[in-house]
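Enquirer: Take the sequences, apply the hints, and build the full model.
Taken in order, these protein sequences are the chains called A and B.
Quick note: the first sequence uses the working numbering, first residue 4, plus one each step.
Quick note: the second sequence uses the working numbering, first residue 11, plus one each step.
Quick caveat, the hints were computed from the structure, so don't treat them as lab data.
One thing to keep in mind: the hints can contain errors.
Dumping the calculated BS3-like pairs for lysine-lysine here, alpha-carbon to alpha-carbon at most 30 Å [what the hints assert, rightly or not]:
1. B:Lys93 to A:Lys204
2. A:Lys200 to B:Lys93
3. A:Lys77 to B:Lys309
4. B:Lys152 to A:Lys263
5. A:Lys261 to B:Lys152
6. A:Lys334 to B:Lys309
7. A:Lys187 to A:Lys263
8. A:Lys116 to B:Lys302
9. A:Lys330 to B:Lys302
10. B:Lys152 to A:Lys204
11. A:Lys289 to B:Lys309
12. A:Lys212 to B:Lys152
13. B:Lys152 to A:Lys140
14. A:Lys116 to B:Lys309
15. A:Lys322 to A:Lys93
16. B:Lys302 to A:Lys334
17. B:Lys309 to A:Lys296
18. A:Lys182 to A:Lys408
Chain by chain, the residues run as shown.
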Amino acid sequence: MRRGHIRLAAGGSMLLLLAATACGGSSSGGASSGGSSAPGVTATTVTIGSTQPLTGPAAPGYSEISQASDAYFKYINENGGINGRTITYKYLDDGYDPTKTVAQTKKLITQDKVFAIFNALGTPTHEKVIEFLNQQKVPDLFVASGCQCWDDVSAHPETFGWQPDYVIEGKILGEYVKKNFAGKKIAYFYQDDDFGKDGVKGLDMEIPKSQVVARESYQTSNPDIASQVQKFQSAKADVIVSFSIPAFTALLKLNALKVKYDPTLAVSNVGSDPLTLSGLLEAFAKQGGSTVKGSDLIQGVITDGYIASPADPTNSWIKLFQTIHDKYIPKLPFDGNVLYGMAAGYTFAQALAAAGANPTRDSLVKAVEAGLDQGPGLVPFRFSTSSHAGFTGVQIGVIKGTAVKLTGSPATTDDGNGPITAFDGTQPEAPANGIPTSG
Amino acid sequence: MPAILERSTLLRHTLFALVGIGVLLLLIHNLGDYRNSQLAPIAYTVCAAAGLTMLVGQSGQISLGHGAFMAVGAYTFALLQAKWTSSHPNVQLVGLLAAGVVVAAVFGAVVGVAAARLRGPYLAGATLALALGLPSLASYEKLSDHLGGSTGLNVTSPNPPTGVNAYRWQSIICCVSAVLVLWFLSNLSRSRVGRSFRAVRDDEVAAALCGLSVARVQVLAFVVSAGCAGLAGGLLAIINLTAGPGAFPLSLSLSLLAAIVFGGLGSMAGAAYGSVLVVMLNLSWAQTLTDKLSIHSAKVANNMPLMIYGVVLAVAMLAAPYGVQGALHRLRMLATGTRKS
Numbered sequence: 004m005r006r007g008h009i010r011l012a013a014g015g016s017m018l019l020l021l022a023a024t025a026c027g028g029s030s031s032g033g034a035s036s037g038g039s040s041a042p043g044v045t046a047t048t049v050t051i052g053s054t055q056p057l058t059g060p061a062a063p064g065y066s067e068i069s070q071a072s073d074a075y076f077k078y079i080n081e082n083g084g085i086n087g088r089t090i091t092y093k094y095l096d097d098g099y100d101p102t103k104t105v106a107q108t109k110k111l112i113t114q115d116k117v118f119a120i121f122n123a124l125g126t127p128t129h130e131k132v133i134e135f136l137n138q139q140k141v142p143d144l145f146v147a148s149g150c151q152c153w154d155d156v157s158a159h160p161e162t163f164g165w166q167p168d169y170v171i172e173g174k175i176l177g178e179y180v181k182k183n184f185a186g187k188k189i190a191y192f193y194q195d196d197d198f199g200k201d202g203v204k205g206l207d208m209e210i211p212k213s214q215v216v217a218r219e220s221y222q223t224s225n226p227d228i229a230s231q232v233q234k235f236q237s238a239k240a241d242v243i244v245s246f247s248i249p250a251f252t253a254l255l256k257l258n259a260l261k262v263k264y265d266p267t268l269a270v271s272n273v274g275s276d277p278l279t280l281s282g283l284l285e286a287f288a289k290q291g292g293s294t295v296k297g298s299d300l301i302q303g304v305i306t307d308g309y310i311a312s313p314a315d316p317t318n319s320w321i322k323l324f325q326t327i328h329d330k331y332i333p334k335l336p337f338d339g340n341v342l343y344g345m346a347a348g349y350t351f352a353q354a355l356a357a358a359g360a361n362p363t364r365d366s367l368v369k370a371v372e373a374g375l376d377q378g379p380g381l382v383p384f385r386f387s388t389s390s391h392a393g394f395t396g397v398q399i400g401v402i403k404g405t406a407v408k409l410t411g412s413p414a415t416t417d418d419g420n421g422p423i424t425a426f427d428g429t430q431p432e433a434p435a436n437g438i439p440t441s442g
Numbered sequence: 011m012p013a014i015l016e017r018s019t020l021l022r023h024t025l026f027a028l029v030g031i032g033v034l035l036l037l038i039h040n041l042g043d044y045r046n047s048q049l050a051p052i053a054y055t056v057c058a059a060a061g062l063t064m065l066v067g068q069s070g071q072i073s074l075g076h077g078a079f080m081a082v083g084a085y086t087f088a089l090l091q092a093k094w095t096s097s098h099p100n101v102q103l104v105g106l107l108a109a110g111v112v113v114a115a116v117f118g119a120v121v122g123v124a125a126a127r128l129r130g131p132y133l134a135g136a137t138l139a140l141a142l143g144l145p146s147l148a149s150y151e152k153l154s155d156h157l158g159g160s161t162g163l164n165v166t167s168p169n170p171p172t173g174v175n176a177y178r179w180q181s182i183i184c185c186v187s188a189v190l191v192l193w194f195l196s197n198l199s200r201s202r203v204g205r206s207f208r209a210v211r212d213d214e215v216a217a218a219l220c221g222l223s224v225a226r227v228q229v230l231a232f233v234v235s236a237g238c239a240g241l242a243g244g245l246l247a248i249i250n251l252t253a254g255p256g257a258f259p260l261s262l263s264l265s266l267l268a269a270i271v272f273g274g275l276g277s278m279a280g281a282a283y284g285s286v287l288v289v290m291l292n293l294s295w296a297q298t299l300t301d302k303l304s305i306h307s308a309k310v311a312n313n314m315p316l317m318i319y320g321v322v323l324a325v326a327m328l329a330a331p332y333g334v335q336g337a338l339h340r341l342r343m344l345a346t347g348t349r350k351s
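Expert: See the structure below:
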């Protein structure tokens, strides 16, 4: 047997030294590239980064978002960029796993030296890095999540939301359910984190508690939700309001189908993209050894939206995004996720344009606080020096065919006890060249 | 080497450790933020791998579940940090890490009692179940409110002293911990306890005839090893700003095992080589490789490290059964012309 020849401490430290330098390469010095005023900005480029669920439970559907944003940036780059700079978009996979988000975010900031984090996806994931980003003073724009927690100007001056927060969404969805299902039994299904809990908070502001017969949550790491569905069924819920990611919306539907239970579903925007859902339903059913027609199962599902719907091909924004989609990412479906990614990309381009000819991290944040035009949105943003919240409302819609058909008019409200009011402003037309200008 | 160092193992190891800390501090000072953000995970992995190599290489017991002990350390750190506010951040840090070590060691004792009754594949199976089962407790309905479910618990990173940047401070904390663990384990290995580990490993009956309590020695090995993993878990929580089940997948436990086999079973230096390999594969090399091969698939990139561990283990078994450390040892023997005894 080998004797314990253990020159450990020295051997170990030598070894660490070796590894760190061997794999080291160039980037050990602190000096940043000369000339430019901000990290990630050169005379001709701006580099931004993001963490995205390219794999894992949230990947179906959401993995399209970053590709769509990237496609929109490529379109901008081929048409002259913003203030003469092209946008380089680096998005890394965190698998929707909060424990991976921190390492990937550190990599973006220390290795790729990004100017800003853009549209990082997920409530539980991004909550892990928000303190870190603000501590490092990195602009954290347009988080791809509707958590209320992004809007805290004093604690998180660098962080901005984008989509309507889940409380607003819960209130508007809740008001619709209350009006249209008076006296019916209602159940809540929600993700067991701030995404689901914020949504439920909004629902509870509108739907009388006496009407709610069951409240069940799920963990993203556990796809077995049979017991939750069984509780809904034994409580005889007529309507299930669901704040879930697409995979769990599909699991909810399939589990209900299995026990011959057919409640009306009202699903928050993030969990209701029709093409994503029908694909998931068919894939899950196949795993379980049966076949279903996905799109048939989701007709009539109630949901909401806050950007123009692909069901409206005459809309100038839809036309613009369809053209970009067909040129850069033709293999992806033209669905709500792609629209989301492009619309968020447009908002970023607006902010970058407004940040001036020589953008700095500070001027970027100030540009958003000065307020941004609603662009492809159906309702205005709330951005100001006292609010970092995104869109201020949603419009109810119903899944019809392969898209969400919006009904009525958009509604706006706040996170508190404010009333829900119909929004009568009109959506601006898309700029002719599809690129926002400063001003 | 001066005679006094030849005679006193403790003195020699302490000197090595001090030199090691000095070299590492110099290194940390000269590395950029990005390299420091890789060095820290390497260093905490060294803590866990060194403990595991003690268990596997010296006491002759297998554990496929060391990720679970790391989880215990991380959750202990996170739970106590939320409860304990202190005006002395450094005292708090040491206290929290120590608490993680103690709680993980207690878990190790419990598992060790079971392990002392199991042999070979049965022990492997039991510890494998631990690696799979323990982290998923966090998502168990009745515990998820306390343990944060699949999102995990938040951890705040200790504020660095003024003038030290956050990345360097994290590296310093992790590297000092790693050197302390290596110092402790190498002294232990040269002590009566270490000799009893090896005696039990080589022949249980002979060990028992010499008056050693085989079961007690085996449990002790688990306690020590789990304690080291607990420290690694606490450090991981600081670096990742979170204690969540996603940080402790089965692949973590397997990668620790890959690290020590690659480095050379039972060798502390080997645990360090192996940790560099597995951490760098995970954080960077696998991605570089998939990029070089023009495979633009996150799924392939995510699974690449596991695939490479497999290849590395197979190659190591065939070409260098005693790992890197064994190969180096053989080279030295060849170079100096001495024959291996």
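Enquirer: Each of the hints needs a verdict: does it hold here or not?
Expert: Hints versus structure:
1. Taken as a hint, the Lys93 of chain B and Lys204 of chain A pair is honoured in the structure, with Cα atoms around 27 Å apart against an allowance of 30 Å.
2. Restraint check for Lys200 of chain A and Lys93 of chain B: the C-alpha separation of about 24 Å stays at or below 30 Å, so the hint holds.
3. Of the pairs offered as hints, the one joining Lys77 of chain A and Lys309 of chain B holds, with about 24 Å between alpha carbons and a cut-off of 30 Å not exceeded.
4. With a C-alpha separation of about 29 Å, the suggested pairing of Lys152 of chain B with Lys263 of chain A holds against the 30 Å cut-off.
5. Proposed proximity of Lys261 of chain A and Lys152 of chain B is supported: the alpha carbons are some 27 Å apart, at most 30 Å.
6. A hinted pair counts as satisfied when its Cα atoms are at most 30 Å apart, and Lys334 of chain A with Lys309 of chain B qualifies at roughly 18 Å.
7. Of the supplied pair hints, the one linking Lys187 of chain A and Lys263 of chain A holds, its CA atoms being roughly 19 Å apart against a limit of 30 Å.
8. Straight-line distance between C-alpha atoms of Lys116 of chain A and Lys302 of chain B comes to about 21 Å, which keeps the hinted pair within the 30 Å bound.
9. For the hint pairing Lys330 of chain A with Lys302 of chain B, the CA-to-CA distance comes to about 26 Å; that is within 30 Å, so the pair holds.
10. A distance of roughly 22 Å separates the Cα atoms of Lys152 of chain B and Lys204 of chain A; the hinted pair therefore holds under the 30 Å criterion.
11. Distance check on the hinted pair: Lys289 of chain A and Lys309 of chain B sit about 21 Å apart at the alpha-carbon level, within 30 Å; holds.
12. For the suggested pair Lys212 of chain A and Lys152 of chain B, the alpha carbons sit about 24 Å apart, so the restraint of at most 30 Å is met.
13. Of the pairs offered as hints, the one joining Lys152 of chain B and Lys140 of chain A is violated, with about 38 Å between alpha carbons and a cut-off of 30 Å exceeded.
14. About 25 Å separates the Cα atoms of Lys116 of chain A and Lys309 of chain B, which keeps this hinted pair within 30 Å; it holds.
15. Restraint check for Lys322 of chain A and Lys93 of chain A: the C-alpha separation of about 26 Å stays at or below 30 Å, so the hint holds.
16. Proximity of Lys302 of chain B to Lys334 of chain A is assessed by CA-CA distance (about 24 Å); at most 30 Å being required, the pair is judged to hold.
17. For a cut-off of 30 Å, the pair hint linking Lys309 of chain B to Lys296 of chain A stands: about 27 Å separates their Cα positions.
18. For a cut-off of 30 Å, the pair hint linking Lys182 of chain A to Lys408 of chain A stands: about 19 Å separates their Cα positions.
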